[in-house]
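Peer 1: Residue-level listing of the chains:
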Amino acid sequence: MLQAITRRLRRGKRGISTVIVVMLSLVLMVIIVGNVVLWSYQMNQLDWEKMREDVAIVNATSVRDGGTLFTFKNEGSLTLHLVSLWINNSTQHQRYNINIFINSGDTASYTYSNVTLPDKPYNVKVITERGNTAVFASD
Amino acid sequence: MKPIIKRFLRDKRAITPVLSSLLLTVVAVAAMAIATSATYVITTNLRENMSERVIVEDVWFNSATRTVDVYMHNIGKVAIRVSGVYINHTSQPFNSPFRLELNAHDWLSIAYSWNSGDLYYIDVVTSRGTHVASYYQAP
Chain V
28 MLQAITRRLR
38 RGKRGISTVI
48 VVMLSLVLMV
58 IIVGNVVLWS
68 YQMNQLDWEK
78 MREDVAIVNA
88 TSVRDGGTLF
98 TFKNEGSLTL
108 HLVSLWINNS
118 TQHQRYNINI
128 FINSGDTASY
138 TYSNVTLPDK
148 PYNVKVITER
158 GNTAVFASD
Chain H
-9 MKPIIKRFLR
1 DKRAITPVLS
11 SLLLTVVAVA
21 AMAIATSATY
31 VITTNLRENM
41 SERVIVEDVW
51 FNSATRTVDV
61 YMHNIGKVAI
71 RVSGVYINHT
81 SQPFNSPFRL
91 ELNAHDWLSI
101 AYSWNSGDLY
111 YIDVVTSRGT
121 HVASYYQAP
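Quick note, the sequences are listed as chains V and H, same order. Position in the first sequence counted from 1, then plus 27, gives you our numbering. One point on numbering: in our numbering, the residue at position 89 of the second sequence is 79, and numbering is uninterrupted.
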């Protein structure tokens, strides 16, 4: 009985091409879907990290020797990477490249000798690598 | 040896099945190549669309130049090109072509006659269709 079925299967060539086409199509579909799903997962991870970030500018004061002292606080659960600092007032918007890492929960102070605070009112803004912003407004 | 070769060359039987098999193989390989290329193009497009992340670091209603200057930062995983800028849903001229490589940042200058105190809805659109839009009040 089993031998007869095996023999018939070996002899019968009909439908082979259909099976091959379906299998190849399935492979292609799996590649497309897998690729997209994996990439989407990676980008979702980035968005999720961005949502968890929480940064604050505690203070910005001019120091006696020239320059400005900035105090940043990481209130989120991920390590922050600050990439840009803005000093804005009504007449000037000035951007400075910075490179500061702050651990979760830490407060860090940095003095920039090349940064001068303008006359009040002004805004100090800091941008993180993930794209979040913290703003400090003068009185 | 010679008669064997002569007989082989004269014998025309079974040529058609060989040719048809060869043709079928060529067609199948071509079809698979097309399908693979299509898969690559589709997944690349989808991945690029998903990978676009761009932020607005600063908006400056510049009274000296009477322009609206938007500082853009590409924080995604692909280069971006701004294809259109809309202020209050109306297309505006800008410093085109505006292209940002990975992790690049620059000013996007929009020629627009703004009024002090007015609220503007600024919408920056990339060539892949990503919108970065928000309300900004002129100082």
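Rather than coming from a laboratory, the hints here were simulated on the basis of the structure. Treat the hints with care, as some may be off.
Stated by the list, open to error - Part of the chain V face toward chain H, derived, beta carbon under 8 angstroms:
| # | residue |
| --- | --- |
| 1 | M28 |
| 2 | V57 |
| 3 | R91 |
To be verified - Ranges between beta-carbon positions, derived for each pair:
| # | chain 1 | residue 1 | chain 2 | residue 2 | range |
| --- | --- | --- | --- | --- | --- |
| 4 | V | V54 | H | L(-1) | 19 to 25 angstroms |
| 5 | H | A28 | V | S140 | 53 to 59 angstroms |
| 6 | V | G94 | H | P129 | 23 to 29 angstroms |
| 7 | V | T45 | H | S27 | 36 to 42 angstroms |
| 8 | H | P129 | V | T106 | 33 to 39 angstroms |
| 9 | H | H79 | V | S131 | 26 to 32 angstroms |
| 10 | V | V54 | H | P(-7) | 46 to 52 angstroms |
| 11 | H | S10 | V | M28 | 32 to 38 angstroms |
| 12 | H | I32 | V | Q121 | 42 to 48 angstroms |
| 13 | H | V8 | V | V54 | 42 to 48 angstroms |
| 14 | V | M28 | H | R0 | 22 to 28 angstroms |
The model shown is predicted, which means the values in this text are computed figures rather than measured ones. Positions of the beta carbon are idealized from the N, C-alpha and C atoms, including for glycine.
Peer 1: If a hint holds in the structure, say so; if it does not, say that too.
Peer 2: Checked hints:
1. Checking M28(V) against chain H by beta carbon gives a least distance of about 34 angstroms; that is not within 8 angstroms, so the hint is violated.
2. For the restraint placing V57(V) at the interface with chain H, the shortest Cβ-Cβ distance is roughly 10 angstroms, beyond the 8 angstroms limit, so the hint is violated.
3. The closest approach between the C-beta of R91(V) and any C-beta of chain H is roughly 29 angstroms, which is over the 8 angstroms cut-off, so the hint fails.
4. For the pair V54(V) and L(-1)(H), the beta carbons lie near 42 angstroms from each other, so the given range of 19 to 25 angstroms is not met.
5. As the Cβ distance of A28(H) to S140(V) is approximately 57 angstroms, the hint placing it in 53 to 59 angstroms holds.
6. In this structure the supplied range 23 to 29 angstroms holds for G94(V) paired with P129(H), their Cβ-Cβ distance being about 27 angstroms.
7. Distance hint check for T45(V) and S27(H): the Cβ-Cβ separation is about 23 angstroms, which falls outside the suggested range of 36 to 42 angstroms.
8. Roughly 35 angstroms separates the CB atoms of P129(H) and T106(V), a value that falls within the hinted 33 to 39 angstroms.
9. Distance hint for H79(H) and S131(V): a CB-CB separation of about 41 angstroms, inconsistent with the stated range 26 to 32 angstroms.
10. Between V54(V) and P(-7)(H) the beta carbon distance is about 49 angstroms. The supplied range of 46 to 52 angstroms therefore holds.
11. Between S10(H) and M28(V) the beta carbon distance is about 36 angstroms. The supplied range of 32 to 38 angstroms therefore holds.
12. Taken as a hint, the range 42 to 48 angstroms holds for the pair I32(H) and Q121(V), whose Cβ atoms sit roughly 44 angstroms apart.
13. Distance hint for V8(H) and V54(V): a CB-CB separation of about 29 angstroms, inconsistent with the stated range 42 to 48 angstroms.
14. A hinted range of 22 to 28 angstroms for the beta carbons of M28(V) and R0(H) is inconsistent with their spacing of about 48 angstroms.
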